[in-house]
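Engineer: Given the coordinates of chain X, work out where chain L with the ligands should sit on it, guided by the hints.
Read top to bottom, the protein sequences are chains X and L.
For the first sequence, this note's numbering assigns the number 1 to the initial residue and increments by one for each residue that follows.
For the second sequence, this note's numbering assigns the number 1001 to the initial residue and increments by one for each residue that follows.
Treat each hint with caution, since some may be false.
[To be verified] Chain X stretches covered by chain L per the calculated footprint, using a threshold of three residues with CB under 8 Å from any CB of chain L: (1) 121–134; (2) 139–146; (3) 172–181; (4) 207–213; (5) 216–228; (6) 233–240.
[Said to hold, decoys possible] Computed spacing ranges between beta-carbons, pair by pair: (7) Lys271/X to Ala1326/L: 41 to 47 Å; (8) Thr306/X to Asp1313/L: 51 to 57 Å; (9) Asn179/X to Gln1127/L: 28 to 34 Å; (10) Asp40/X to His1147/L: 53 to 59 Å; (11) Gln1066/L to Gly140/X: 33 to 39 Å; (12) Glu1325/L to Gln222/X: 28 to 34 Å; (13) Leu1101/L to Gly315/X: 48 to 54 Å; (14) Gly140/X to Thr1090/L: 29 to 35 Å; (15) Thr1090/L to Lys198/X: 33 to 39 Å; (16) Thr258/X to Lys1331/L: 50 to 56 Å; (17) Glu136/X to Ala1150/L: 24 to 30 Å; (18) Ser1058/L to Glu203/X: 35 to 41 Å.
[Said to hold, decoys possible] Calculated pairs, BS3-like style, for lysine-lysine (alpha carbon to alpha carbon, straight line, at most 25 Å): (19) Lys1324/L to Lys1344/L; (20) Lys1117/L to Lys111/X; (21) Lys1019/L to Lys1180/L; (22) Lys1105/L to Lys182/X; (23) Lys1269/L to Lys1019/L; (24) Lys85/X to Lys1162/L; (25) Lys219/X to Lys1324/L; (26) Lys1182/L to Lys271/X; (27) Lys198/X to Lys170/X.
It should be emphasised that the hints constitute simulated quantities derived from the structure, not laboratory data.
Here a beta-carbon is modelled for each residue, glycine too, at the ideal position from N, C-alpha and C.
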Amino acid sequence: NSFPILHTGGVHPVPVTLMPGEGIGLEVANSMIRVFEAADVPVEFERFEFTDLDEGVPDAVVASFRKNGVALKGPFNTPVKSKSKSINIILRTTFDLFANVVHCKNIPGVKTRHPGVDVVVIRENTEGEYSGLEHETVPGVVESLKIISREKSIRIAEYAFQYAERNNRKKVTAVHKANIMKQSDGLFLQCCKEVAAKYPYIEFDNMIVDNTCMQMASKPQQFDVMVMPNLYGNIITNIACGLAGGQGLFPGANFSPTAAIFEQATRHAAKSIGGMDVANPSATILAGAMMLRYLKLNEQASGIETALLEVLQDGKVLTPDLPGGKAKLSDFTKAVIAKLD
Amino acid sequence: MGSRFHSVGRRLSSSSAGKSFRATLFPGHGIGPEISAAVVEILEASKVPITWEEHIISVDNVKPGQDIVSREALDSVLKNGYALKGPMATPIGKGYRSLNLTLRKELGLYANVRPCKSIPGVNTAYQDVDVVTVRENTEGEYSGLEHEVAPGVVESLKVITKSASLKVAEYAFAYARANKRKMVTAVHKASVMKMSDGLFLSCAQQVAKNYPDIHYEEMLIDNAASYLVSNPGRMDVMVMPNLYGDIVSDLCAGLIGGLGLTPSGNMGKGCMMAEAVHGTAPDIQGMDMANPTALLMSALMMLRSMDLHDTADKIAKATYSVLKEAKYTTKDIGGNSSCSDYTKAIIDRIDI
Ligand SMILES: Nc1ncnc2c1ncn2[C@@H]1O[C@H](COP(=O)(O)OP(=O)(O)OP(=O)(O)O)[C@@H](O)[C@H]1O
Ligand SMILES: Nc1ncnc2c1ncn2[C@@H]1O[C@H](COP(=O)(O)OP(=O)(O)OP(=O)(O)O)[C@@H](O)[C@H]1O
Ligand SMILES: [Mg+2]
Ligand SMILES: [Mg+2]
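Chain X with its partners taken away, still in its complex shape (with noise of 0.2 Å):
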């Protein structure tokens, strides 16, 4: 089986699905609007503003989504006291979005304490440490449940190694931790193993994820695609983030078979700087851009990139979470908008 990244719909404008989310939500989502429009793209977006309260995802976002098949998405904060599962997890579920992509490679420009980063983080989006079965078995005692299954194991790890493929990557390493989770985590790097026998020009190897994260931090120029369960990609995809440059710079996508969601990868709602005009919204409008590619919309995608990429390597107009930035949000996307074309 593989996986198709190809939307088949045909239609122009492309009817999208768009939540802002909360937080820096709106701001960035308003962003990347504006550049699409200058950039005349043909993508005509359905809007729902929502918060992550008791409710979950409304029906009506869903039944958008469920008929266009592709979403950008902002962040949404889930407070711990909400009895709902976040609205994430629910749309990873409800569509089976099961592989959440990141690639973070440094930008020119933007300065970092590493040189060389360009890792791809594929994350199994499902299940693992997510699967919110948990219970008190007696006061004070909680018990929580991570579940993998050779199932979802075999189609990551094939999604993995599928993308190596497509994209000319030398190498996968697997992220676990089965010297201690021997069952749970020893199966999904089972399944690794099998996936990979299947590829072999394609190197293997594997990684425990405390040491993974040390290597992270001193040698990450060693890593190349990394395939791994939900938690730890979790945590790696920030940590990747935060090497090349940090949380607002690049974008992630969560595919299933037939559908896609394109998201900040970090999907922090930063309500700290909420509303304030100086969050920054790269990441959210190379998210856009990623979708332009999922829709074939090529030429749009590498425009706006293009043009987005500029603005950062001049360095003339940054936001503040970038070293020497002090420009507004809405100037960043002025200065967008003026290099397109």
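Structural biologist: Just chain L with the ligands now, kept in the frame of chain X:
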């Protein structure tokens, strides 16, 4: 007792003023004996008022299935209250119970503390790291409770208890206060694991109320990991469940230059066991190449918990000066000195 261990009470020195201590010494395996000898030599030269009870843990004369760590060794730690431990290897696949597991269980080592501070002279991408990971060490994802519920589907249990969470939080805040730190961050994923990590958080909140002088905050594990690699100066003392602690403490070690440099302390029922977090490094065993810094810094943690701050400061100062000069450092951090020359250089610089 048989030849399974022997205990040597070695009087190092006694300070005329102040208290003296007894501590258990496990030289360990691989590079363990070399680096422990180096550390003991440095402490001795600093006139630390400690009498060592040395216990050699070895599998000779122990049948598979039996515990390798003798009752006497464990009792020695419980009686003395302090231990310094080199790395130990459990023979794999021969039915022995893991040495580290035995120690953790028997000594009730509930919290693992790993301070990571940038060391001038050691070249890394970070010069602004000064963080402490306090890790719950007895439960969480390391419960070992796993089973196959249906063919191809495995469940693994994470267990979080109120009592263990309160204990580790209490330790983190007490550590922060004793070491004049400003902030404790509880690291969690309670947005997803609402009950288990939620319980951990509510315990941390409860303890925080008793420490109004320490700023308390909560942060998602992914966010914390991202800050640590991009802006580590943002973090201070962090407290968290077992798996996150494992991950975060190694991440921090990576920031300052690796396992040869990072100390660790284990807090137990009435005892503290200092140990380096690295392994036995069989590849360089017996070659006088190992870096004793991690074990030395661990020993300094032990001195601090004995309230021997002045002596700890003196040794730290000498060590940092040798590292900064980078003339007598070991190969793992880019130098070309032997373990013994490095040790000598430190001793030469301790002013007593
Ligand atoms: N697009 C972005 N632009 C600028 N900063 C960002 C962006 N995304 C994330 N961040 C930073 O990452 C941090 C983590 O975000 P997160 O959503 O966890 O914070 P929060 O809890 O909502 O808000 P805060 O901790 O700032 O009160 C934020 O403090 C923010 O500074
Ligand atoms: N104190 C040290 N000084 C110098 N090099 C070290 C030190 N500790 C570890 N190393 C190096 O780091 C690498 C990993 O060694 P380490 O013993 O930690 O892991 P290991 O091989 O898994 O051992 P174990 O099985 O005992 O955990 C080795 O190449 C070793 O030489
Ligand atoms: Mg570890
Ligand atoms: Mg090891």
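Engineer: Indicate, hint by hint, whether the structure satisfies it.
Structural biologist: Checked hints:
no.	hint	in the structure
1	121–134	holds (count 4)
2	139–146	holds (count 8)
3	172–181	holds (count 3)
4	207–213	holds (count 4)
5	216–228	holds (count 3)
6	233–240	holds (count 6)
7	Lys271/X to Ala1326/L: 41 to 47 Å	holds, 45 Å
8	Thr306/X to Asp1313/L: 51 to 57 Å	holds, 56 Å
9	Asn179/X to Gln1127/L: 28 to 34 Å	holds, 33 Å
10	Asp40/X to His1147/L: 53 to 59 Å	holds, 57 Å
11	Gln1066/L to Gly140/X: 33 to 39 Å	holds, 35 Å
12	Glu1325/L to Gln222/X: 28 to 34 Å	holds, 30 Å
13	Leu1101/L to Gly315/X: 48 to 54 Å	holds, 52 Å
14	Gly140/X to Thr1090/L: 29 to 35 Å	holds, 32 Å
15	Thr1090/L to Lys198/X: 33 to 39 Å	holds, 35 Å
16	Thr258/X to Lys1331/L: 50 to 56 Å	holds, 54 Å
17	Glu136/X to Ala1150/L: 24 to 30 Å	holds, 25 Å
18	Ser1058/L to Glu203/X: 35 to 41 Å	holds, 39 Å
19	Lys1324/L to Lys1344/L	holds, 16 Å
20	Lys1117/L to Lys111/X	holds, 23 Å
21	Lys1019/L to Lys1180/L	holds, 23 Å
22	Lys1105/L to Lys182/X	holds, 20 Å
23	Lys1269/L to Lys1019/L	holds, 22 Å
24	Lys85/X to Lys1162/L	holds, 23 Å
25	Lys219/X to Lys1324/L	holds, 22 Å
26	Lys1182/L to Lys271/X	holds, 24 Å
27	Lys198/X to Lys170/X	holds, 15 Å
The structure agrees with every numbered hint stated previously.
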